[in-house]
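Engineer: Build the full structure now, drawing on both the sequences and the hints.
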Amino acid sequence: MAVQLIVYFQFDTISSRSALWLSDGPYFSELVSPHQRFKLRTFSNWANGRILMTLVCLFAGEWRLSSYLSAAIACIKLCIILFILPESHIWLRKKGRFAESEESRKRIAYISGMKFEPMPPPDKSELSDPEKAMNIVDVFREPHLRRNLLVLWTMWFVTGMTAYLTDLCGGDMTENFWIGQFLSGILLSVVRVILGFADGVSTVDGTSLRIAYLSRIGRCILWWRCGFLIMGQKGEWYYTMVYLAAFVFTSIVWEPSYLCASELMPTDVRATSTASCSIVSRFANIGASMLSGLKTVYEPGVHMISMACGTFNVIVAFIWLQETKNCSLDIAGEKSGESGSKSDPKEMQSLLSKTDNVVDDTSASKEENEAKN
1 MAVQLIVYFQ FDTISSRSAL WLSDGPYFSE LVSPHQRFKL RTFSNWANGR
51 ILMTLVCLFA GEWRLSSYLS AAIACIKLCI ILFILPESHI WLRKKGRFAE
101 SEESRKRIAY ISGMKFEPMP PPDKSELSDP EKAMNIVDVF REPHLRRNLL
151 VLWTMWFVTG MTAYLTDLCG GDMTENFWIG QFLSGILLSV VRVILGFADG
201 VSTVDGTSLR IAYLSRIGRC ILWWRCGFLI MGQKGEWYYT MVYLAAFVFT
251 SIVWEPSYLC ASELMPTDVR ATSTASCSIV SRFANIGASM LSGLKTVYEP
301 GVHMISMACG TFNVIVAFIW LQETKNCSLD IAGEKSGESG SKSDPKEMQS
351 LLSKTDNVVD DTSASKEENE AKN
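Numbered according to UniProt numbering, the sequence shown terminates at residue 373, and the numbering increases by one at each position without gaps.
Hints were generated in silico from the structure; no laboratory data involved.
Because the structure is a prediction, the values reported are computed rather than measured.
Hints may be right or wrong, so weigh each one.
Stated by the list, open to error - Below, computed lysine-lysine pairings styled on BS3-like, alpha-carbon distance capped at 27 angstroms: (1) Lys115 / Lys95; (2) Lys77 / Lys39; (3) Lys39 / Lys115; (4) Lys95 / Lys77; (5) Lys77 / Lys106; (6) Lys95 / Lys106; (7) Lys39 / Lys106.
Unchecked claim - Estimated spans, in silico, between C-beta atoms of each pair: (8) Ile81 / Val7: 24 to 32 angstroms; (9) Gln36 / Phe312: 25 to 33 angstroms; (10) Ser112 / Val297: 49 to 57 angstroms; (11) Phe98 / Pro143: 28 to 36 angstroms; (12) Phe11 / Met119: 40 to 48 angstroms; (13) Thr311 / Ala60: 35 to 43 angstroms; (14) Trp237 / Gly49: 26 to 34 angstroms; (15) Thr311 / Lys95: 35 to 43 angstroms; (16) Trp63 / Ala198: 32 to 40 angstroms; (17) Gln10 / Trp46: 15 to 23 angstroms.
Ideal Cβ positions, reconstructed from N, Cα and C, are used throughout, including at glycine.
Structural biologist: Structure follows, in structure tokens:
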């Protein structure tokens, strides 16, 4: 009976975590300015979660206490969602709940320390003829959405395969397991934060180019690692450094993959399409766990598979991935090249009140009238 209960609770925990993971990405993307999404995602990344989880497991010393502590930490996030953060104003507006959308925007402005400026009320035609809801079947009926979803599936499959293969084969990169986990998490977190800030000043304007460049760097580093393995240099400090670099540049591709899942699909199917991408990545994880057995036979072969998958990902992203950098989620899913597909660089200033300007204009007009009189 105890075994059945453990299996049930494990299934319930994994299902809840998966649902939470799938809703996090779209919710975060809809609350944050397009020009800050990539930068802020580099702070709230799973590398920091990996460091925290490693710390909890290290100090707890057993799985029961680790589970209790992890649940307590998760309650902090639950309280933030329940009592601080509002519902997505973009989602509410798409559903026709304009009054609630304005309340959500007002809450965002309050949290941000900005003055709130109401949006103009919707047209009567918009209220009488609400936008038709879209489902995953409709995605395959639209050629450009079908292409976007297939590209997303490819990206998530390849990233899930390569990142998981690299992670599974890195347990013995150091003699001390805890040191290896901390090194992986800390280095990945630092590099992601640096990449997030660099993205704001980068002259490279393109999600597809970003994925292509990161994937190419990861492939090159994996070639070096294969060379060290073939030469029998495993265990040396430079092998560990090359492994960490390969792990970092392979895992970093997750960030643009998440953003593309949010920015390439319309609001109605954003969560559903992200869920389908997650399922595809889970199949990739299963395949990676099966291929990891090749490590005991011919370890360089594992990384050669990663390099082949990554090369395919570079080609697909470079040719078919639609540009989404700084796009507005209100019009996400439109065909590439349509007017207005980019957001205003000062989009978030729509939350700011123009009261000060109005007051200045009013006072100036009063002074002019007094002067005329």
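Engineer: Give a verdict on every hint.
Structural biologist: A quick look at each hint next to the structure:
Only pairs whose Cα atoms come within 27 angstroms are accepted, and Lys115 paired with Lys95 is accepted, the gap being roughly 25 angstroms. For the hint linking Lys77 to Lys39, the alpha-carbon distance of about 21 angstroms falls within 27 angstroms, and the restraint holds. Of the supplied pair hints, the one linking Lys39 and Lys115 holds, its CA atoms being roughly 24 angstroms apart against a limit of 27 angstroms. Restraint check for Lys95 and Lys77: satisfied, since their Cα atoms lie roughly 26 angstroms apart, inside the 27 angstroms limit.
Distance hint between Lys77 and Lys106 is fulfilled; the C-alpha atoms sit about 22 angstroms from each other, no more than 27 angstroms. Restraint check for Lys95 and Lys106: the C-alpha separation of about 18 angstroms stays at or below 27 angstroms, so the hint holds. Taken as a hint, the Lys39 and Lys106 pair is honoured in the structure, with Cα atoms around 24 angstroms apart against an allowance of 27 angstroms. Separation of Ile81 from Val7 is about 28 angstroms and conforms to the stated range, judged on CB atoms against 24 to 32 angstroms.
Distance hint for Gln36 and Phe312: a CB-CB separation of about 31 angstroms, consistent with the stated range 25 to 33 angstroms. Here the CB-CB span from Ser112 to Val297 is close to 55 angstroms, well matched to the stated 49 to 57 angstroms. For Phe98 and Pro143, the Cβ-Cβ distance of about 32 angstroms falls inside the hinted range of 28 to 36 angstroms, so the restraint holds. Restraint check, Phe11 to Met119: a C-beta distance of roughly 43 angstroms satisfies the suggested window 40 to 48 angstroms.
The hinted window of 35 to 43 angstroms between Thr311 and Ala60 holds, with their beta carbons roughly 41 angstroms apart. Checking the proposed 26 to 34 angstroms range against Trp237 and Gly49 shows it holds: the Cβ atoms sit about 27 angstroms from each other. Judged by the Cβ atoms, the range 35 to 43 angstroms given for Thr311 and Lys95 holds: they are separated by roughly 42 angstroms. A beta carbon spacing of about 39 angstroms between Trp63 and Ala198 agrees with the range 32 to 40 angstroms that was offered as a hint.
A C-beta distance of roughly 20 angstroms is found between Gln10 and Trp46, which places it inside the suggested range of 15 to 23 angstroms.
Hint check: no violations occur; every hint is consistent with the structure.
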